[in-house]
Amino acid sequence: MRQRADPPAGSAPGAPGAGRPGAARDGEFGARGGDTELTAPGAGATDAASDRILTVPNVISALRLLMVPVVAVLILSEQYLAAVVVLALAGISDWVDGVIARALDQTSRLGRLLDPAADRLFIAVVIIGLAVQQVVPWWLLVAVFARDLVVGLCVPFLVARGFPGFPVHDIGKAGTFALMYAFPVLLLTQVDQLTGHLAADIAWAFGWASALWGVYLYWCAGLAYLNQFRAIVVSDARASTHQRGPRSTPGP
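Take the position in the sequence shown, starting the count at 1, then add 39; the result is the number in our numbering.
Don't take every hint at face value.
[Unchecked claim] No farther apart than 20 Å at their CA atoms in a straight line, the calculated lysine to aspartate or glutamate pairs in the EDC-like style are these:
{"no.": "1", "residue 1": "Lys-212", "residue 2": "Asp-187"}
{"no.": "2", "residue 1": "Lys-212", "residue 2": "Asp-133"}
{"no.": "3", "residue 1": "Lys-212", "residue 2": "Asp-275"}
[To be verified] Quick list of the computed label-pair ranges, beta carbon to beta carbon:
{"no.": "4", "residue 1": "Gly-235", "residue 2": "Ala-101", "range": "16 to 22 Å"}
{"no.": "5", "residue 1": "Val-207", "residue 2": "Trp-247", "range": "22 to 28 Å"}
{"no.": "6", "residue 1": "Leu-143", "residue 2": "Gly-201", "range": "42 to 48 Å"}
Since the hints were made in silico from the structure, they are not lab data.
All C-beta atoms, glycine included, are put in the ideal place defined by N, C-alpha and C.
Make a model of the complete structure from these sequences and hints.
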């Protein structure tokens, strides 16, 4: 007859996670959603990123951020080919700073903030410019920004409970990548030299397919983040109930 294993020290019988391998210990908390795990600071692997600010990758990222208003001006002034060139340079710089950060061991927390910030700003500027120029409908802009708004509203709740925010999801990376190359392709369809040519029609179809696929992946990642958020809320509620203990029933 197999004997029942005793629960680990410090966990009450019947408590959430008691006796489970890998259950969260005091001071640790993990909420799994999709392929990523949301873990509070101090739990899990040590963060290898440094607090350095003046590094080569960060300088490149800062220069890439300076390209954002340049792209906006070029799109609004209908200089679409120049805007595509600047976007291409921004994309190359994004790849270069990642290679340099790994080669020179200059990964930093500031860099982890600058890179996604630059990506989102480029997406925002390009899609707003395309909508203003009536190249894409406004509902596409709403579809992209609504996801960021919904996910962003959850972040203050996470920060208040010691989480730095949502970890980057692979699906979200794929969605961002699809959007990053979809909009420059749509910009190319507006270049005068391509207007009326078969290449413009092919670029239009490819750009729209990439944009719709990117929005779909973007929202899939958003739902994964919301699932993580739901797991945190449920665990937080259970922990609060467990700390208060069972409610006593008044006697007759």
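Comparing the hints with the structure gives:
As the CA atoms of Lys-212 and Asp-187 are separated by approximately 14 Å, the hinted pair is consistent with the 20 Å bound. The hinted pair formed by Lys-212 and Asp-133 meets the criterion: a straight-line CA distance of about 13 Å does not exceed 20 Å. Between Lys-212 and Asp-275, the direct Cα distance comes to roughly 28 Å. Violation of the 20 Å bound is thereby established for this hinted pair. Our hint of 16 to 22 Å for Gly-235 and Ala-101 is violated, since their Cβ atoms are close to 40 Å apart.
Between Val-207 and Trp-247, the C-beta spacing of about 26 Å keeps the proposed range 22 to 28 Å intact. One distance hint, 42 to 48 Å for the beta-carbon pair Leu-143 and Gly-201, is violated here, with the actual separation near 31 Å.
The structure fails to meet hints 3, 4, 6 from the earlier list, while all remaining hints are met.
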